[in-house]
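S.K.: All chains, full assembly: derive it from the sequences and hints.
From first to last, the protein sequence lines stand for chains S and W. For the first sequence, the working numbering begins at 61 and goes up steadily by one. For the second sequence, the working numbering begins at 21 and goes up steadily by one.
Derived from the structure by calculation, the hints contain no laboratory data. Computed from a predicted structure; not experimentally measured. All residues carry an ideal CB built from backbone N, CA and C; glycine is no exception. Please note: incorrect hints may appear among the correct ones.
Said to hold, decoys possible - What follows is a list of derived Cβ distance ranges for each label pair:
# : chain 1 : residue 1 : chain 2 : residue 2 : range
1 : W       : Thr-140   : S       : Ile-546   : 37 to 43 Å
2 : S       : Val-63    : W       : Ala-64    : 27 to 33 Å
3 : S       : Ser-364   : W       : Ser-86    : 49 to 55 Å
4 : S       : Leu-95    : W       : Pro-157   : 35 to 41 Å
To be verified - To give a feel for the contact side, a few chain S residues facing chain W, derived at Cβ under 10 Å:
# : residue
5 : Trp-64
6 : Tyr-69
7 : Gly-106
8 : Ala-190
9 : Ala-430
What the hints assert, rightly or not - Facing chain S, a subset of chain W residues (Cβ under 8 Å, in silico):
#  : residue
10 : Arg-30
11 : Val-45
12 : Ile-47
13 : Ser-60
14 : Cys-73
15 : Thr-79
16 : Ser-112
17 : Ser-117
18 : Arg-131
19 : Cys-134
20 : Asp-152
21 : Cys-165
22 : Trp-169
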Amino acid sequence: MSVWERHWYGDVIALRPYLLRKGVLVLLALDAWLLMLGHAGRYGAGGFNVAHFLWLDAAQPLPVPGLYIGVVLVVGLLALVMALVGESRTGMAALWLLYTYSWCMSMLDSYQHHYLLSVVLFCLVFFPPADASGLYALSGIRSRRPAQRCSQPTATATWSLRAAAQRCSATLGIVVGGRGWRLATTSAWSYRMLLTFVGIVYGYTALAKVDDTWRKGHTFRSIGDAGRLLEPLSVHARELGMSSESFWELMASSVVLAEVLLALGYVVVAYSDQLERAWLRLWCLATWLLALGLHAMIELIDLSIGWFSYYMLWAASVALLPASWLHRLGMAATWPARLLQAGLTRWEQEQTARREGPLVTLVLACGAAALTVFAGRALDLPGAPQAALVVAVLLLVRAVVSARSAAGRARLQREALATVAAVGLLWLSVTNSDVRYDYYRFVGGDLSRRDRLEDALSAYLKAERYAPEGESRKDKIARLKRQLGI
Amino acid sequence: MPKAAEEPARLADPPQGRARRLTDVLIAGFVLVQLALPLSCYLADRGSDERFCWRMFSTLRMRSCSVLVLETRSESGERVSRELALYKALHSAWVSSLKRFRRNVVDKFLRWRCEQPGTTSAVFTRSCREPDGSEVPADRLAIDCTEGWIRVMGSGR
Chain S
61 MSVWERHWYG DVIALRPYLL RKGVLVLLAL DAWLLMLGHA GRYGAGGFNV
111 AHFLWLDAAQ PLPVPGLYIG VVLVVGLLAL VMALVGESRT GMAALWLLYT
161 YSWCMSMLDS YQHHYLLSVV LFCLVFFPPA DASGLYALSG IRSRRPAQRC
211 SQPTATATWS LRAAAQRCSA TLGIVVGGRG WRLATTSAWS YRMLLTFVGI
261 VYGYTALAKV DDTWRKGHTF RSIGDAGRLL EPLSVHAREL GMSSESFWEL
311 MASSVVLAEV LLALGYVVVA YSDQLERAWL RLWCLATWLL ALGLHAMIEL
361 IDLSIGWFSY YMLWAASVAL LPASWLHRLG MAATWPARLL QAGLTRWEQE
411 QTARREGPLV TLVLACGAAA LTVFAGRALD LPGAPQAALV VAVLLLVRAV
461 VSARSAAGRA RLQREALATV AAVGLLWLSV TNSDVRYDYY RFVGGDLSRR
511 DRLEDALSAY LKAERYAPEG ESRKDKIARL KRQLGI
Chain W
21 MPKAAEEPAR LADPPQGRAR RLTDVLIAGF VLVQLALPLS CYLADRGSDE
71 RFCWRMFSTL RMRSCSVLVL ETRSESGERV SRELALYKAL HSAWVSSLKR
121 FRRNVVDKFL RWRCEQPGTT SAVFTRSCRE PDGSEVPADR LAIDCTEGWI
171 RVMGSGR
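M.R.: Below, the structure written as structure tokens:
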């Protein structure tokens with residue numbers, strides 16, 4: 061194998077791309093519903109919009125809240141259904157296009173991590189197919205490694221440093237490498253592409269900080285809550301004889317160093333599964349700890365960057381943690397899915413025997429479609445009923461097309477059940493969060509500022525319906541009514 | 021250390037033949053684009069446009085800025101200049117984009133103002149301070165609605 065082939069096509073523990081894709085899809089669905097929907101009211105406000113690309117500005121109609129909400133709802137549903145049922149290349153490509161459009165349509169959404177997710181989704185399109193049952197059927201415990209026999213020191217070297225080092229190395233090898241797990245591997249060039257991309261991102265984030273203002277700590281001190289949160293440390297450092305300026309310089313430089321090391325870590329990790337060296341695994345584990353530290357700090361200082369850290373931590377955990385740890389974690393996490401998959405397979409076989417397949421498929425599809433339409437109307441957000449109708453119609457069309465073959469019916473039945481679960485989670489997410497309250501109060505605030513008082517009042521009255529405890533907008537409503545002479 | 025008795029099962033093999041060549045091209049293209057696009061922020065003059073550059077919380081981003089738009093309108097045969105109430109004309113999120121001097125947003129905004137009845141010209145000024153408190157020269161753009169093109173009268177970089 062050439063260097064190129066070894067780097068891109070070498071074996072990867074199959075669990076890694078599998079878990080990465082599942083985790084990203086679930087996070088994406090919840091991110092879309094919980095964080096993106098609330099800001100939909102700004103789209104098309106005042107009749108002004110600038111798309112990210114000139115050609116899109118010319119091609120698309122003015123984005124309005126209904127369009128944005130519709131796109132985001134479908135993104136979430138599609139992501140979650142694929143996470144539950146298994147991903148098709150067409151489905152992933154559709155998700156990538158739809159999600160990318162959700163931020164491309166307007167420069168109102170200039171979150172860099174949304175662009176990052178578009179690139180991640182692009183890579184996910186080409187991930188190798190896998191399902192939990194197949195993965196765990198091919199994995200298991202192989203015979204104990206000779207390394208464990210090395211942990212017994214020789215009689216002459218019992219208390220020597222060399223014996224202690226041998227014991228440590230063997231123990232670490234077992235702890236970090238696992239006790240001889242036979243884990244299924246796969247060729248996953250797009251997974252490696254994704255890791256390379258993450259490494260490039262860290263590299264460039266480090267490069268962006270190579271300027272005097274960052275190096276001296278001015279920028280770091282002024283972002284989020286960094287100044288306030290790290291002030292006690294700064295005081296402690298002063299007591300130890302370090303000046304405030306030196307402290308902030310040190311903190312700022314540490315961030316750059318962490319990002320450089322993370323970039324390197326994502327290069328090295330490409331070989332950790334292939335080469336099975338304890339030092340490589342330790343390096344990956346250290347990189348993971350660094351990622352944990354950096355992103356935990358980012359969350360603590362509240363940089364208002366959505367769930368960027370959670371995505372990065374998920375990627376770090378899947379790519380950098382020992383495969384044996386992931387195997388155990390994945391075994392527990394996928395147990396319900398594997399159980400359900402086995403049950404569904406048996407049920408599908410019974411249907412085929414009783415020739416009930418087409419009827420069951422149609423009933424499930426109609427039920428899922430009806431539930432989707434009902435939920436869309438009940439969400440009380442512009443664009444939701446229309447998006448729900450589109451999803452329902454697609455499901456029914458697929459039901460008619462898929463009913464002809466047993467495999468198609470089986471797939472469609474699982475998709476229908478997954479749609480029901482996804483719609484249920486959508487409902488729970490939106491109704492148990494401040495999404496609708498935020499949407500209507502932001503709309504009300506903007507309309508008030510632009511002197512559209514009647515529309516502002518309508519928006520605030522709706523927001524009041526969903527206002528959490530202590531967040532009532534009664535005062536604003538009363539003021540608007542006075543201004544309108546009501 | 022002796023090899024383990026059983027080799028792990030493999031789920032998928034690498035692509036072969038034509039598929040392999042296409043995949044190699046895709047990989048190379050992807051990596052090149054991911055390296056080159058952010059690099060353009062450092063090598064080309066992209067102004068305040070840091071999109072796709074992975075410049076999170078750069079010094080440019082952390083500048084504290086304010087914007088002022090002076091509009092000249094034709095009212096009862098006279099030309100009257102007044103400051104535009106930005107938060108009444110635009111959603112606050114767009115005002116933030118103007119403060120960040122997103123050039124395509126500023127340009128489109130000025131042209132959009134020219135579409136409003138009576139507007140004959142507009143001058144956009146953005147003033148900023150660096151995180152260390154030092155002032156940055158103001159960015160200033162002007163549009164004449166009859167001509168339609170935008171002049172750069174001052175640059176803050």
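S.K.: Checking against the hints above, which ones are violated?
M.R.: Structure breaks hints 3, 9, 11, 13, 18, 19, 21, 22.
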